[in-house]
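Q: Oh and the sequence shown: position 120 is 1138 in this note's numbering, straight run, nothing missing.
No wet-lab data here; the hints were simulated from the structure.
Each residue gets a CB set at the ideal place from its N, CA and C atoms; glycine is no exception.
Please note that a few of the clues may not be correct.
Stated by the list, open to error - Here are the simulated distance ranges between beta carbons:
1. V1138 to E1179: 17 to 27 Å
2. V1142 to A1074: 32 to 42 Å
3. T1098 to P1048: 22 to 32 Å
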Amino acid sequence: MNLVIGPFGNPWIPKAAIVLVVIVAIIWIPVARGRFGLSLYAVGSNQLAAFRSGVAIGRTKVLAYALTGLFATLAGLSLTASTSIGTPVPGPYTLESVAAVVLGGVSLAGGRGGVFGPIVAVVVLQIIQNDMTFLNVDPNYALVAQGVILIGVLVFGSVVEIRRGRR
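Generate coordinates for the entire structure from the input sequences, incorporating the hints supplied.
A: Pasting the structure below:
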């Protein structure tokens, strides 16, 4: 199964994009709009306030980790399907996933974020990587560029948080 070439004779829409839309529609939209999504944001923002509001902290954390495991499994299966290679070594995907999450506006401290910001960040990072490949830039420099972008966004986000705290 190739997730890169588009289905139904359409080369412009990759199968991976269709799989992503289906997963978001089936899993994320009900979670974000339901009680569990509100509990996730509450626990991520302030556990004590969430507990005092009646949120089951332990259950919410277990379900969050289970949902994370499900998404990681789906990502691994789609990576294996698109590359036809199964390997236990993560390679550069750890940096890329953290960079996409941070660039997408998800707070590493918890309590803020969404699903569409990281998706846009993945597209931007992939465009940067493809452009560097077309320009015959060494792939190691592409990782350095991603790291520099990630550090820049983290520094910018920290400065914004410090300024918000002073007001």
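Q: Each hint needs a verdict: does it hold in this structure or not?
A: Verification of the hints:
1. In this structure the supplied range 17 to 27 Å holds for V1138 paired with E1179, their Cβ-Cβ distance being about 21 Å.
2. The hint said 32 to 42 Å for the Cβ distance between V1142 and A1074, and at roughly 37 Å that hint holds.
3. Between T1098 and P1048 the CB atoms are about 27 Å apart, so this pair conforms to the stated range of 22 to 32 Å.
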